[in-house]
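Once you've looked at the hints, dock chain H against the given chain V.
Residue numbers (this note's numbering), protein chains in the order written: chain V, -10 to 563; chain H, 21 to 207.
No lab work stands behind these hints: they were computed from the structure. The hints are all genuine.
Computed footprint of chain H on chain V; a stretch qualifies when at least three of its residues, placed anywhere within it, have a C-beta under 8 Å from a C-beta of chain H:
#	segment
1	156 to 169
2	186 to 193
3	232 to 238
4	339 to 346
Using N, Cα and C, we set each Cβ at its ideal position, and we do this for glycine too.
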Amino acid sequence: MNTELLGIIASFAITLLIAIPLGKYLARMFAGEKTWTDFLKPIEKGIFKLSGINPNEPMNWKQFLKAMMTINSLWIVYGFFVLMYQDKLPLNPDGNAGQSADTAFNTIISFVVNCNLQHYSGESGATYLTQHFIFMFLHFVSAATGIACAVAVFKAFRDKTATDLGNFWNFFLKSITRLLLPLSIVVSLILTFNGTPSSYAGKDKFISLQGDTVNMSRGPAAQMIAIKHLGTNGGGWFGANSAHPLENPNYLTNMTEIISQFIIPVAMILAFGYFIRRKKLAWVFFGVMMFGVMMLMLPTISSELGGNPLIAKMGVSQATGAMEGKEVRFGPAATAYWSTLTTVTSTGSVNGMHDSTMALTGLWQLLAMMINGFFGGCGVGLLNYFIYVIIAVFISGLMVGRTPEFLGHKVEAREVKIAALITLLSPFLIMTGTALASYIVTVHPNIDWAVKPSTWLNNPKYHGFSEMLYEYTSSNANNGSGFEGLGDGNIFWNVTTGVVMLFGRFLPIIGPVAIAGLLAQKKFIPESAGTLKTDTLTFGVMTFAVIIVLNALSYFPALALGPLAEHFSMLIKR
Amino acid sequence: MKKYIIPSIRITIVLTIVLCVIYPVSIMLAGKLSKGAGNGETVVVNGKVVGYANVGQSFTKPQYFWGRPSAVAYNAAGSGGSNKGPSNPDYLKDVSNRIDTLLKYHPYLKRSEISADLVTASGSGLDPDISPEAAKIQVKRVAKFRKLDEQKVAALVDSHIEAPLLGLFGPPKVNVLKLNVALDQLK
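So here's chain V without its partners, still in its complex pose (with noise of 0.2 Å):
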């Protein structure tokens, strides 16, 4: 027990260590300004010669977002096809079929937009081409389109007025060069040298100590299984994700992979503020953040190292916490730690299995997803709880009665607009997906459909009704983790999730970027003694207040129906 304590102690110092300096380096790195990882330009150079791109042309708001936009739709269309003929493509080993049209519309939206919910199984349902060529690819690409959206804003509000909010192209491909690529290269060696295959080997087929004959999935997943963690990915090589013992072999790969999906978005807060050269609001911002991180994972850790009641009343002791859906390996306080982390950030993979932990864990999960501010994916977390910022100094301001400034710029009618259109969003997406689900399940059961809905959910009653609540939660969040014993291999899920991922990804980038372009065009306004002060404790505190209230309003509902529902039958159970 103690020792499962202090692995996760050390998991977050190490966490803490890379992801101060790390900050700091990306600040100077984007900035332009001078780093040691300057080498790489002559290959830079040679990519935008090759792609025709000229890296130094100043872009406004809506140019980058239109450039932005362009890229991603190409991935769309092109992966789409990839999947559906990957059959007839090379790298195929395993001789794994196409994908259905519903089933590849879901897929690649899935993985552009850096979500990862899986409708199909790794080890089947995908080859060794689309899983190196579209998930592998886009784990990148989808990782950096967010950095780079992140970066445009710290742009903004950089300098005092500013319509030049930095080349898309020039952020997104610095973001792979000089921070995704070279992270991958270190993590997945350590995979490999752990025992993740990293090779193009096909199926193993082996007589077992017992004798039965055992069919055995391998591939190169330890390169996958990098980049899907630092670029708050989630998607798998195979389909128990990270508590697959080949995709996580070890404490050693876990505490690595569990730290690298927490880096990025840790060091990218921190980079703003060094960025903007206001490292106050930023340590602000990650103190609120964190506060809220530790507010989901200490119930989460205790919930799970408490184990299940219902089976300490059959007389099994407890003592080890619930082992249901999880590893020996990692335990339950790995475990828990990792539940939170991976749903707090959008990454989503999963070192045990989601459905099967207590029912408040399952609380924490999706209530973490939910707010999808504290740290979150790959740049799109800063953009996210700058959403929630905009709000508290909106809200500031009518409390004192003063005109709501942020860092120098008046917010104004428009810029609200926008934020509480984003914020209102969510809870329309998760609400109207999850509501409809119910309808046709508890309704139309039997209707006549491949799948039919009365064979849907894995588990009765409240449950049931989380898992449909936190398939939806997951695709707005674009986290991609799943109660996977819900049924969603079906035109019913892959088309309503698929919507909702692609909404709850580009209008949460396209509205924070729009704001901040729209801010920095505004005319400075020096701080006086009449300015609120964005970069204070007090303040710090309001955005948590604001963040608390916003989701306890939308969501408290349907988390009283699900979660806490079943919470509270167990204890009466008892």
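The following block gives chain H in isolation, referenced to the frame of chain V:
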């Protein structure tokens, strides 16, 4: 938008070469130096591969130590957990049945001595390990079916307990396949 389409296509092609060919192939080549040459580490008995060191396999015969229940029956061409919720009545019945089976084969056990990992399914369905407690409670049964000295088997289990990382981080564990391979060699 038009202005950005051609650069988008070109940079996608260039990055595909860097990220999907150069990067993974270099790692694959480096991986050749690792144990198992990047194919996964195997366990070999008398020149024959009997399994993968990190991947659990099914042990149901009473003369072997048993691993954890698996939702995919240890079929390594797939993977996954039961995804049963903590209050699901079917799931609780499964657990209860597993307890009964365990007690049948280990009549000397008290319920409170049963290790939770032996009656709950793992996340991957391929968990290679059990907790040291879960191995220890099986010693008597294994010794009986193999007509071996109980203390000898207990000593074997002790020697197969893998300590936490650096002795500090994570839970201790026992690799079931490695333990059973050693057990087969025990006279």
